[in-house]
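Between the sequences and the hints, there should be enough to build the whole structure, so can you do that?
In case you want the letters, here they are:
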Amino acid sequence: MFCLTTVVFALVFLFPLYWMFAGGLKSPQEIIQIPPTLLPSHPHPGNYSTAWSEADMGRLLWNTTFYAGGALAFQLVFDVGAAYAFSKLRPALGGVILFGMMATLMIPTSVLALPTYLTANSLPFVHWSLLNTPWVIWLPSVASNAFSIVLLKRFFDSIPAELLAAASIDGAGPLRALWSVVLPMSRPILGVVSIFAVVNVWKDFLWPLLVLTNTADQTINIGLFQLSVGLPENILIAALAIASIPTIVFFLIFQRNIMSGLTAGSLKG
Amino acid sequence: MLRTINVAAVTGYEARASARSRRRRAPLGRRLRAHGTGYLFILGAAICFALFSWYPMVREVIMSFQKTNFAGNTAWVGLENYRHIFADPSFWAAWRMSALFTLFALVLGYLVPFLTAVVLNELRHARAYFRLLVYLPVMMPPVAAAFLWRWFYRADGSGLFNQTLSALQLPSVQWLQSSHALAVLCLVIFSTWANMGSSVLIYLAALQGVPGELYEASEIDGAGVLKRIWHVTVPQMRLILSLMLMLQVVSTMQVFLEPYVITGGANGTTSVVYQIYDYAFSFNNYGDASALGIVLLLVLMGFAAVYLKLARPVEEV
Chain A
619 MFCLTTVVFA LVFLFPLYWM FAGGLKSPQE IIQIPPTLLP SHPHPGNYST
669 AWSEADMGRL LWNTTFYAGG ALAFQLVFDV GAAYAFSKLR PALGGVILFG
719 MMATLMIPTS VLALPTYLTA NSLPFVHWSL LNTPWVIWLP SVASNAFSIV
769 LLKRFFDSIP AELLAAASID GAGPLRALWS VVLPMSRPIL GVVSIFAVVN
819 VWKDFLWPLL VLTNTADQTI NIGLFQLSVG LPENILIAAL AIASIPTIVF
869 FLIFQRNIMS GLTAGSLKG
Chain B
2 MLRTINVAAV TGYEARASAR SRRRRAPLGR RLRAHGTGYL FILGAAICFA
52 LFSWYPMVRE VIMSFQKTNF AGNTAWVGLE NYRHIFADPS FWAAWRMSAL
102 FTLFALVLGY LVPFLTAVVL NELRHARAYF RLLVYLPVMM PPVAAAFLWR
152 WFYRADGSGL FNQTLSALQL PSVQWLQSSH ALAVLCLVIF STWANMGSSV
202 LIYLAALQGV PGELYEASEI DGAGVLKRIW HVTVPQMRLI LSLMLMLQVV
252 STMQVFLEPY VITGGANGTT SVVYQIYDYA FSFNNYGDAS ALGIVLLLVL
302 MGFAAVYLKL ARPVEEV
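From first to last, the protein sequence lines stand for chains A and B. Residue numbering for the first sequence follows the numbering used here, beginning at 619 and increasing consecutively. Residue numbering for the second sequence follows the numbering used here, beginning at 2 and increasing consecutively.
Treat the hints as calculated values from the structure; they're not laboratory data. Be careful, since some hints might not be right.
What the hints assert, rightly or not - Label pairs and their calculated CB-CB ranges:
id, chain 1, residue 1, chain 2, residue 2, range
1, A, Arg-708, B, Ala-182, 50 to 60 Å
2, B, Ala-100, A, Val-630, 26 to 36 Å
3, B, Arg-84, A, Trp-797, 50 to 60 Å
4, A, Arg-708, B, Val-211, 53 to 63 Å
A virtual CB, placed ideally from N, CA and C, is assigned to each residue, including glycine.
Shown next as structure tokens:
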């Protein structure tokens with residue numbers, strides 16, 4: 619049983635990745651050879667540097683990191699603020715606004731892609747176009763992650779009101795209470811929300827495909843998709859391998875936190 | 002859906018809490034100031050939602066009743082767009098493709114992660130390493146994974162699958178080009194490989210919650226592995242299984258990346274969301290695209306409603 623599982627898992631999940639890294643080392647002739655070689659007979663590490671420069675992988679990876687980081691910052695600030703207000707400050711009609719935000723969870727993002735694209739292309743009243751700017755990723759990412767607000771609000775609800783009352787007696791305003799009392803207690807849920815924010819930007823395809831038409835501004839997904847047409851097979855495979863390395867390494871380092879965060883988030887949700 | 006259950010639960014809590022606070026009223030001035038601070042905290046998120054969620058939703062509904070010409074002028078056309086897409090053969094082809102994809106994904110993408118989790122749960126050691134392996138594809142950028150599999154599916158000698166077949170002296174297969182059903186199946190297999198990690202993780206976490214005594218009891222009663230799974234594991238995980246089923250149907254009905262990147266819509270693999278994209282950006286027909294979007298929204302909400310109706314009795318257990 620154990621041996622069988624090991625073989626099947628290695629074949630299904632490890633071998634495709636191995637084949638990708640090995641394929642990136644093969645020459646154009648070797649990569650289409652029948653029968654295929656299990657190990658590259660004359661490794662061409664140069665493929666990887668060609669892919670790096672031809673496909674401009676450095677810029678694509680940096681763009682994606684920049685978008686993900688910004689989306690993370692905006693979501694943390696806006697979502698934490700909103701969830702804190704819904705949970706503790708409770709302004710009039712706060713429940714209605716929260717309901718409006720949660721109702722968006724029922725609407726598939728793919729249905730809203732077109733009108734959201736038109737709105738981002740020409741904002742109401744001011745008629746600015748956000749296309750090909752980082753804002754077009756950052757601001758809509760807040761609206762597409764209502765789930766994070768729900769998670770944060772439910773966590774804040776579990777923080778006893780007495781703690782905040784004590785802070786208020788000591789003269790702390792709402793912002794100070796949030797910063798010094800609520801946030802230090804909320805580290806686990808902040809981790810979960812951060813993972814969602816970064817992963818969503820990293821994996822999103824349809825939205826950046828519509829709004830990042832400028833080659834210099836594209837994410838790794840869109841860049842790979844556009845560049846795939848002109849690249850020889852072995853260089854493209856090397857580019858795929860390079861594109862996969864950062865997230866896989868990141869995952870291997872932080873896997874414990876990521877896995878526990880993901881399961882906690884999805885089960886609680 | 003899981004999320005919709007929350008809506009009811011959280012708003013119920015909200016209503017009770019506000020009723021409680023209404024009984025003890027603070028002076029008006031302090032109350033106004035407190036409300037003001039509250040709104041200030043909500044402002045950032047509310048602007049984002051208004052611009053990129055609430056307003057587009059209204060606009061989607063309006064646009065589905067309008068026609069936009071090349072000069073950008075809009076005219077009210079009533080149900081014309083809906084009539085037009087219902088008469089379009091590609092509309093029905095797109096629904097058939099999405100339905101077939103969902104059907105195959107129910108057999109493969111739903112069953113395989115659950116069985117994988119059950120098998121992993123039976124293992125005594127190295128479970129964490131297997132969990133890591135299953136999750137690796139999820140961490141790849143989706144387009145990189147899709148291109149990798151497009152390469153595997155290549156019909157000529159350079160595809161991994163055909164290379165394997167020819168090494169075994171078997172004839173090669175036109176994976177994506179021959180039959181429509183086979184092409185959709187290939188997309189589902191890729192999709193399952195790329196996405197099953199997160200489902201396996203959730204099932205594994207849920208399996209930890211199944212009390213061990215139940216297994217011991219069934220073992221004493223002489224139940225085999227299959228019977229144990231069917232009579233103990235499945236009933237214990239009924240709630241999470243039905244939730245995942247619902248979430249999966251909603252997400253597979255919206256499949257876009259797989260056909261767009263791997264087949265480019267060839268061989269009848271244009272899905273519903275792909276068709277929306279085509280209407281909007283290939284034909285610049287925003288009216289038809291919006292109308293199809295509304296139809297998709299209604300269908301998905303129908304699924305959610307049926308699910309809620311079926312799930313309610315389970316919830317109360």
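Going through the hints against the structure:
{"no.": "1", "hint": "Arg-708(A) / Ala-182(B): 50 to 60 Å", "in the structure": "holds (55 Å)"}
{"no.": "2", "hint": "Ala-100(B) / Val-630(A): 26 to 36 Å", "in the structure": "holds (27 Å)"}
{"no.": "3", "hint": "Arg-84(B) / Trp-797(A): 50 to 60 Å", "in the structure": "holds (57 Å)"}
{"no.": "4", "hint": "Arg-708(A) / Val-211(B): 53 to 63 Å", "in the structure": "violated (39 Å)"}
Of the hints listed earlier, the one the structure fails to meet is number 4.
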